[in-house]
Each structure stands twice: as C-alpha cells, then as structure tokens.
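Given the structure of chain A, go ahead and fit chain U onto it with the hints provided.
Number of protein chains: 2
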Amino acid sequence: MRLVVFAGTTRTAEIDGLSAAGADPEAMVHTPSADAEILEYGAPVRAPVVPVSPTGCPTPAVVTRAVRELADFETTVVDAGLAEPTAAPTVTVGARPGEDVREEDPVPTAPGAFAAARQFGRRLPDDEVVVAETIPGGTTTALGVLTALGEERGVSSSLPDNPIERKREVVADALDASGLDPGDAAGDPRLALRKVGDPVLASAAGFVAGAARSGTRVTLAGGTQLVAVAALARHAGLDSALSLATTRFVADDPAVDLRSAGADFDLDVTVTDPGFDGTDHPATARYAAGEAKEGVGMGGALALADREGVPMARVREEVRSVYDELVEGEDGPG
Amino acid sequence: MRLVVFAGTTRTAEIDGLSAAGADPEAMVHTPSADAEILEYGAPVRAPVVPVSPTGCPTPAVVTRAVRELADFETTVVDAGLAEPTAAPTVTVGARPGEDVREEDPVPTAPGAFAAARQFGRRLPDDEVVVAETIPGGTTTALGVLTALGEERGVSSSLPDNPIERKREVVADALDASGLDPGDAAGDPRLALRKVGDPVLASAAGFVAGAARSGTRVTLAGGTQLVAVAALARHAGLDSALSLATTRFVADDPAVDLRSAGADFDLDVTVTDPGFDGTDHPATARYAAGEAKEGVGMGGALALADREGVPMARVREEVRSVYDELVEGEDGPG
Chain A
1 MRLVVFAGTT RTAEIDGLSA AGADPEAMVH TPSADAEILE YGAPVRAPVV
51 PVSPTGCPTP AVVTRAVREL ADFETTVVDA GLAEPTAAPT VTVGARPGED
101 VREEDPVPTA PGAFAAARQF GRRLPDDEVV VAETIPGGTT TALGVLTALG
151 EERGVSSSLP DNPIERKREV VADALDASGL DPGDAAGDPR LALRKVGDPV
201 LASAAGFVAG AARSGTRVTL AGGTQLVAVA ALARHAGLDS ALSLATTRFV
251 ADDPAVDLRS AGADFDLDVT VTDPGFDGTD HPATARYAAG EAKEGVGMGG
301 ALALADREGV PMARVREEVR SVYDELVEGE DGPG
Chain U
335 MRLVVFAGTT RTAEIDGLSA AGADPEAMVH TPSADAEILE YGAPVRAPVV
385 PVSPTGCPTP AVVTRAVREL ADFETTVVDA GLAEPTAAPT VTVGARPGED
435 VREEDPVPTA PGAFAAARQF GRRLPDDEVV VAETIPGGTT TALGVLTALG
485 EERGVSSSLP DNPIERKREV VADALDASGL DPGDAAGDPR LALRKVGDPV
535 LASAAGFVAG AARSGTRVTL AGGTQLVAVA ALARHAGLDS ALSLATTRFV
585 ADDPAVDLRS AGADFDLDVT VTDPGFDGTD HPATARYAAG EAKEGVGMGG
635 ALALADREGV PMARVREEVR SVYDELVEGE DGPG
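Read top to bottom, the protein sequences are chains A and U. When we follow the working numbering, the leftmost residue of the first sequence carries the number 1, and every step to the right adds one. When we follow the working numbering, the leftmost residue of the second sequence carries the number 335, and every step to the right adds one.
Hint data in this document are derived by calculation from the structure and do not stem from the laboratory. We put the beta carbon where it would ideally sit given N, CA and C, even for glycine. Hints should not be assumed to be uniformly reliable.
As the list claims (entries may be wrong) - Just a few of them, taken from the derived set where beta-carbon distance is under 10 Å, the chain A residues facing chain U:
#1 Y41
#2 P44
#3 R46
#4 A71
#5 T75
#6 T76
#7 P85
#8 T86
#9 A87
#10 T92
#11 F120
#12 L124
#13 P125
#14 S260
What the hints assert, rightly or not - These stretches of chain U come out as covered by chain A in the derived footprint (C-beta under 8 Å, 3 or more residues):
#15 364-377
#16 424-434
#17 449-461
#18 588-599
Excised from the complex, chain A in its bound form:
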C-alpha cells in the first residue's frame, strides 16, 4: 500500500479570501513543500514555515504523518508544480507551478504532466494506491475543472465560511479568459486542466487513469479536489472501480453533496471521523470548528488506520505528539 501525494501550487491561491492553507499569502506558497517534509520527516527541513492557519489550525499533513507512524504504508510525493524547494524526495512528472486561472493559458504543462503521471501510475508495481493532494487554492481550480467538464457541483473549503460565490466568480472569469463555456471540455480532461485547472489535478488525474487501468486498486483520499480527479478520470474514459475516502468535516459541509458525487462518478465512498470534537488541543480543535477539513490524504490515512485496527484515540494522541514536535522551537500559532 502506497500513499501518493501530489504537491503543487497555483497562483489562483493568491486571490484574496480563497484559502486557509497557510498563515499568510507569502507563507502559503511554501505550504506544499512543507507538507511534503512533514509527511516524510515529521518536520519542515528546508521549508521556512510550519503551515498553521492564523487561528492555529495545523496542516492536515500532521494527521497523515501521525497515522504513518502507526499504520503500515509507504509514502511517495510527486512534484506536481512546487514553487518553492523542498527537502522531501519527489517524483518528477514535468509539472510546473500553475498560474492564476484567470490567465489565458494558466497550466501549459498540464497535458505533459497528465501523460507522464499516467505512465508512472501504469508502471508502478503496487497492488493498491491511495491518492492525495496538497495545493492551496485547489478547491477553486477543482470547481473550475468540474464546471468546464459540465459537472458543476459544490466544492468544499479550508475556511469554515466557504467563499463559494467568490470561487464561482473566479471560475467564470477563468472560463471567459479561455473562451470556454461550462461543459465545453466534456470528454476532454486535458483541456479543462490546462485552461481552468492546476498541475496537481493534472498529475493526479493522469496517475489515477494509469494506475486504475493497469489493475491497481485506487482510493482517492480527500474532498472535493479528489472528486474533481474522479470526474477527470471518468471523462478520460476510465471505467474501473474507484474509492473515495474523506473526513466527516467534508461530508458535513453543506456545500458538498458527497452522495451524488459518489453516484455520478461511481465512487465507493468512506467517511471517517477522527473524533476531534470536544478536544481543546490546538492540533485538533480547529478541525472540529470546520477549518482545513481535509488535505494531504488525511481522510485516506484515517481510513487506513481504521482498516488496520488502530484506535482513533491512539491516532489523536499521535497527532498531538507530531504537532508538539512541529511547533517546538517555533513561536507557536496565534
């Protein structure tokens, strides 16, 4: 079992008010690089930030790392358009950072990354993979891709108060800039990815198409961004079985209809609850308030913990321990 995390960036994240993935816009561009290091080493090594939101909510990489300490799986990070260096080992698929989707051609590397990641997925000898993402601003590009495919539906947010109207405006501007109407990219996932998507969606969708077609069992670990990956894979003609594992925080989001997404894209959906309600540790309390919700394979990691019989109380304990290690020597959040 291998967790494959696609880490990248889009300048769409710099649009005011879209994302909580990082304390501030300057730090946010480092978040995927830091997430990769937290996943692989337990702490940032080269990245100059610890991704903690202004309210003190840590990156979900903390939860995934905690589960990795308790359950038995490999992790592999794919450089799906990182803008800042990382000391984590990464697989190369030729992806470059995405531009603001309101540009005319924001992700020119999308078709190449899709193809390279598809080949990587096809050749990887694992029997089972879990696919995850880390990209600030990624729910907006997910909405862009879904809209371009003609699959418009709600998307989640890393903010408790989802700026969905703002996202719709951005997506409308993005389609305009590319001369596309909603649905114009149906059956053409690479067009959607290049014009209104991001390099993480491009790499992850290619990987899923390649892995699933070669007989590897694929679980999409995440929220609406992974629903967009499923939609892209379906529009690429994939008809193999796919699973989706996410957290209760996404499932409880009124902006998201996981049941219909599961039905439309033929996904076997698993929802896990890490039991963060009623906790008062900074590592977990903000999740219960609806912040962050998902990312870096958190839902998939929790599902793996569950499958291996690791009690959620043990996971929470390890989450606190990873978090405490992480902020040790830092000024701390808030």
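Positioned in the frame of chain A, the structure of chain U alone reads:
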C-alpha cells in the same frame, strides 16, 4: 533510522574496463536511476534496464531492497547527478552528472552540492542515518579524491579482477588535467571533489559532515567509495564518530586495507557476511565469485538486518524472491 542513498553518474565510467555496474556502457548510465526504483518500488518503473552484469550478477540494490522488506528503516534517495530520468522520488541538492575526471573541471557542481547536502544533513530530524551510493565508475573517482587529499590507498572494484593499474593511470591523467599533484587538495575536500571526484562523493561527503556535526549518528554503508567519503569529511574538519558497514566481499579484497582505513579515518568498522558462498542462484552466486561486492548500501542493510535479528537465511530467501520478481518478463541474464 534512515538509509540515504546518493545516486549519480560520472562519465569516467565510460572509460573502457573500469566498471561492472551494468550489462554494457549504454545501459550503465541508467543503473543509478534503476537502482533507485528497485530500492523504492522493488522493480524498475521508468528505467529501461534491469542492472545485471554480463555474467548475470544483479545490482546490490536487490539485496538492499530485500532487507528493506524485512527490517524497519526508511529510505531516501538523493539525486546526486543522475543522467537519466528515474520514477523514484529524489531529494535535490543541485548536483549535475560528472564529466570524465580527465577533463579540466569535471564536477563544477561539487561545491554547491556539498553545501546543499550539508545543510540537508544538518536539518534532517533523524537520530541515525546510514549513507550509501550508487554510481558506476565510482571507485576510480574515489581513488582520485583519496590521491588528491594525500590519502592514497587501494580501492575495490565491481569486477572480480580489479583493474587498479588502469584506475591509477586515469587518476594520474585527471590530476594532470587539473594541475594538481597528489596531496595538493589536503584540507580542501571541495577542490578534490570538483577536480578529480564525482557528484555522489560531493553530495555524500557534505551530507555526512552536516549530519554528524548536528549530532546524528552516521554509518557509512559501502566499500572504498564510502572510505573516500570518510576521508573527505575528515579533511573538512569533522571529528565526530563515524561507523562504516560493509560486506565480506570488500573486506576480503586484497586491494583494500579496511583496517588501516578504519584507523586513519577513525571509523568503527562492521563487516557482514550474507552467506552467499555455495549458493547457485543467479541472485547470489556471482557475489561469492567476487563480483559487484557492494553498493546501494548493501553492507549497511545487512548490518541492520543483523542488528534487528533477521536471520541471514531469511535475507537470502528474500534476495532470491526480489531477483525473481525483477527478471520476470525479462529475457534473463546470461
């Protein structure tokens, strides 16, 4: 515990008769990329070759991968000058493939890679690391570096019949081309690395200096190339404890005096014997004949297996199983 493998290339390997690390010169340039994939995934994924020598001796990556399936350690591959793509995740330190050491300035990225790898080593949160290499032609550049530092001593070979005179000629030409006499680079490891070394030695030596100085326990896993790494770290002023773990095949090599190397560079030396003598499986028999000997952390992996109480018979069984998986679908060696 983390095994950190430095994977790279030098065009010195293209000089006739120096190396057995690959079936033929065209395939040899892919060996480190394939080794990284075998270590991480158990099989080549993107590399178009299975590194097996003309006589059928498989790359020592097979042994290290086998132990990784049985013992508990993480692996990280550093891109220390790969010339061909790999699907394995790699850490970037700015190293580029090395040119033939008989050029005037064969490794211009050596000082930068040394510095970047040193910082990586310093910041890595692990308590203990094991350092390994994969680079065809690497014993010749090791001899070059040792000579430039004024530490000339015998070096081992991946060939049963060590072409040591040929290596000495190449090193003499290399020193000439750079206007250096033996010993001219004493106390200046970066000069030795840049002028007569390779990007793997540069990255590994920087990493060892950084990791050891920050209090991480360091074991050098390999033969004479790792002795060169120790010499470089000592000439960089490192006085922390260092261990060296290698195989009986290196220790038995009359060209190598491990005891004096251990004394000169203050190394705590461990030698392991995987018990390949008398075996007739292609995965192991050629090792008993003195081929390959070491590489990709084989000796260090065997020492870890020993420390964790994994019986060598179990290791041999797993080596055969990794090998059989590897050549499945291939024409097979010989």
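Here is how each hint holds up against the structure:
{"no.": "1", "hint": "Y41", "verdict": "holds, 6 Å"}
{"no.": "2", "hint": "P44", "verdict": "holds, 9 Å"}
{"no.": "3", "hint": "R46", "verdict": "holds, 7 Å"}
{"no.": "4", "hint": "A71", "verdict": "violated, 14 Å"}
{"no.": "5", "hint": "T75", "verdict": "holds, 9 Å"}
{"no.": "6", "hint": "T76", "verdict": "holds, 5 Å"}
{"no.": "7", "hint": "P85", "verdict": "holds, 7 Å"}
{"no.": "8", "hint": "T86", "verdict": "holds, 8 Å"}
{"no.": "9", "hint": "A87", "verdict": "holds, 5 Å"}
{"no.": "10", "hint": "T92", "verdict": "holds, 7 Å"}
{"no.": "11", "hint": "F120", "verdict": "holds, 5 Å"}
{"no.": "12", "hint": "L124", "verdict": "holds, 6 Å"}
{"no.": "13", "hint": "P125", "verdict": "holds, 5 Å"}
{"no.": "14", "hint": "S260", "verdict": "violated, 36 Å"}
{"no.": "15", "hint": "364-377", "verdict": "holds (count 4)"}
{"no.": "16", "hint": "424-434", "verdict": "holds (count 3)"}
{"no.": "17", "hint": "449-461", "verdict": "holds (count 6)"}
{"no.": "18", "hint": "588-599", "verdict": "violated (count 0)"}
Of the hints listed earlier, those the structure fails to meet are numbers 4, 14, 18, in rising order.
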